[in-house]
Amino acid sequence: MKAFDYAAPASLPEAVGLLASQPSARLLAGGTDLLVQLRSGRKEADVVIDVKKIPELNEITFSPETGLTVGAAVPCYRLTAHAAVQTHYPALVEVASWIGGTQIQGRASLGGNLCNSAPSADSIPLLIALGATALVAGPSGRRTIPVEEFCTAPGRNQLAPGELLVSLHIPAPAPHSGASYLRFIPRNEMDIAVVGAGASVTLTDGVITAARIALSSVAPTPLFVPAAGEALLNQAPTPAALEAAAQIAQEAASPISDMRGTAAYRRHLCAVMTRRALELAVARAQENN
Amino acid sequence: MSAKVQVQTTINNEPVEFLCEPRQSLLECLRDVVGLTGTKEGCGDGNCGSCTVKLGDRIVTSCLVLGVEANGESITTVEGLAHGNTLHPLQKAFLEHAALQCGICTPGFLIAADALLQKHPQPTEEQTRFWLANNLCRCTGYDKIIRAVQAAATEITTTKSNGAAQ
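Those protein sequence lines, which keep their order, are chains Y and G. Note that my numbering has the first sequence beginning at 1, numbered continuously upward. Note that my numbering has the second sequence beginning at 1, numbered continuously upward.
Hints in this document: simulated from the structure, not taken from any laboratory. Owing to the predicted nature of the structure, the values given are computational and were not obtained by experimental measurement. Mixed in with the good hints there might be a few duds.
[Said to hold, decoys possible] Quick list of in silico lysine-lysine cross-link-like pairs, DSBU-like style, CA-CA up to 30 Å:
id	chain 1	residue 1	chain 2	residue 2
1	G	Lys4	Y	Lys53
2	G	Lys40	G	Lys92
3	G	Lys119	G	Lys144
4	Y	Lys2	Y	Lys52
5	G	Lys119	G	Lys40
6	Y	Lys2	G	Lys40
7	G	Lys119	G	Lys92
8	Y	Lys52	G	Lys4
9	Y	Lys52	G	Lys40
10	Y	Lys53	G	Lys119
11	Y	Lys43	G	Lys40
12	Y	Lys43	G	Lys4
13	Y	Lys2	G	Lys4
14	Y	Lys52	G	Lys119
15	G	Lys92	Y	Lys53
Let's have the full structure, built from the sequences with the hints guiding it.
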């Protein structure tokens with residue numbers, strides 16, 4: 001690995017200042033993407049800025065009124081062990097326990113997963129389905145970006161030079177709502193999604209009053225399909241209604257063929273995984289009083 | 001080359017200070033700077049788990065941690081498992097169940113399995129297989145490793161309950 005300097009700022013203003021003064025700096029949270037990229041030469045850095053000493057990036061806070069805020073550097077193993085996350089966001093616990101294996105989950109963060117901006121990132125479709133927003137800080141202050149707008153191309157995102165991700169905010173779950181993320185992989189664990197689907201559903205008197213669907217590994221970025229969720233509004237969650245939404249998700253996808261699957265196979269999986277994710281989200285919404 | 005940085009850690013319950021370059025991984029620091037060569041390098045990109053160590057309250061692949069990040073942290077490596085000449089129950093079980101052939105993956109499996117048993121003293125086979133999914137072994141086919149971990153779990157639990165009864 002090429003030599004670099006290391007800095008571990010203790011506050012957000014310090015980190016923003018450092019980032020602004022060092023154009024070739026790279027931000028380090030869990031390092032499970034960055035250190036691989038630096039070692040392979042795919043990325044370079046003169047300075048690596050470790051953001052884990054910044055309190056705001058390391059906190060998990062939940063309130064039933066405002067929802068969940070997860071610092072950008074919180075590792076998956078802390079998220080999956082958090083009592084309120086287990087109670088209110090079971091799908092988030094699942095996804096955080098599917099990213100890599102036990103050792104990777106000891107380091108990897110949702111914030112890092114988002115900033116790495118891979119089309120196959122497992123946590124992003126669920127964050128989109130849950131209506132999450134990203135809080136970003138930079139030289140000109142703070143701004144909030146809906147997660148579905150964050151990624152712009154494989155490995156690229158809306159972060160401007162000098163900006164860093166502070167935290168992710170997920171609204172409090174509505175009564176009778178449920179969410180899920182399912183991925184298709186040929187093994188049981190430690191794999192990259194051939195196709196993944198995230199879904200959230202809110203029921204009011206047995207009728208769907210809100211639904212959001214997003215996919216991974218089927219487009220240059222994680223793909224939000226608003227039309228698929230809108231097609232479910234004011235409908236009972238019947239097999240036919242879920243299948244119709246799954247077909248809309250399938251039509252929105254533009255997958256490529258690669259070592260993990262052909263485009264045709266992925267298109268087929270889009271409908272299958274969306275339908276299954278919706279079924280699970282509906283079942284959770286029906287249980288969630 | 002960047003200036004070397006002083007890192008203060010606790011390794012296997014002993015205070016250890018070392019100097020390293022920021023680019024050096026914790027794995028390199030353990031092996032080449034501190035001289036603890038029990039931890040092995042396999043893939044170097046976090047997939048194989050052979051460099052697994054305990055860092056604070058969780059396990060990590062030490063190839064994907066910078067040495068400088070370990071400042072102020074407590075680390076357990078495979079050298080920290082045995083008590084003097086008495087092997088850890090996991091080490092004994094690995095020998096008894098022939099859970100290794102070439103042995104390169106073994107230190108990583110032992111550290112990962114130790115963390116599993118601290119969290120789930122009597123893990124199911126499924127829990128064990130998922131927990132150890134980040135550790136690859138190209139010799140044994142895994143079954144012997146899983147059986148060794150389960151035997152060690154039983155041994156540790158039995159010893160503890162006997163100890164409590166006395």
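### Query
Is it true that the CA of Lys53(Y) sits at most 30 Å from the CA of Lys119(G)?
26 Å, holds
### Query
Within 30 Å, alpha carbon to alpha carbon, are Lys92(G) and Lys53(Y)?
40 Å, violated
### Holds or violated: Lys119(G) to Lys92(G), with C-alpha atoms at most 30 Å apart
20 Å, holds
### Query
Does Lys4(G) lie within 30 Å of Lys43(Y) when you go C-alpha to C-alpha?
22 Å, holds
### Task
With a cut-off of 30 Å on the C-alpha distance, tell me whether Lys119(G) and Lys144(G) pass.
21 Å, holds
### Query
Between Lys40(G) and Lys92(G), is the straight-line Cα distance small enough, at 30 Å or below?
20 Å, holds
### Message
Please verify whether Lys2(Y) and Lys4(G) have alpha carbons no more than 30 Å apart.
### Response
Measuring from Cα to Cα gives roughly 14 Å; hence the hint holds.
### Query
Under the criterion that the straight-line Cα-Cα distance not exceed 30 Å, is the pair Lys2(Y), Lys52(Y) satisfied?
22 Å, holds
### Message
Check whether the Cα positions of Lys2(Y) and Lys40(G) lie no farther apart than 30 Å.
### Response
With Cα atoms ~22 Å apart, Lys2(Y) and Lys40(G) stay inside 30 Å; holds.
### Distance restraint between Lys4(G) and Lys53(Y), which requires alpha-carbon spacing of 30 Å or less
Distance of about 20 Å is within 30 Å: holds.
### Task
Decide if the proposed pair is consistent with the structure: Lys52(Y) and Lys4(G), CA atoms, cutoff 30 Å inclusive.
21 Å, holds
### Task
Would you mind confirming whether the straight-line C-alpha gap from Lys52(Y) to Lys40(G) stays at or under 30 Å?
26 Å, holds
Checked against the numbered hints given earlier, the structure breaks only hint 15 and satisfies all the rest.
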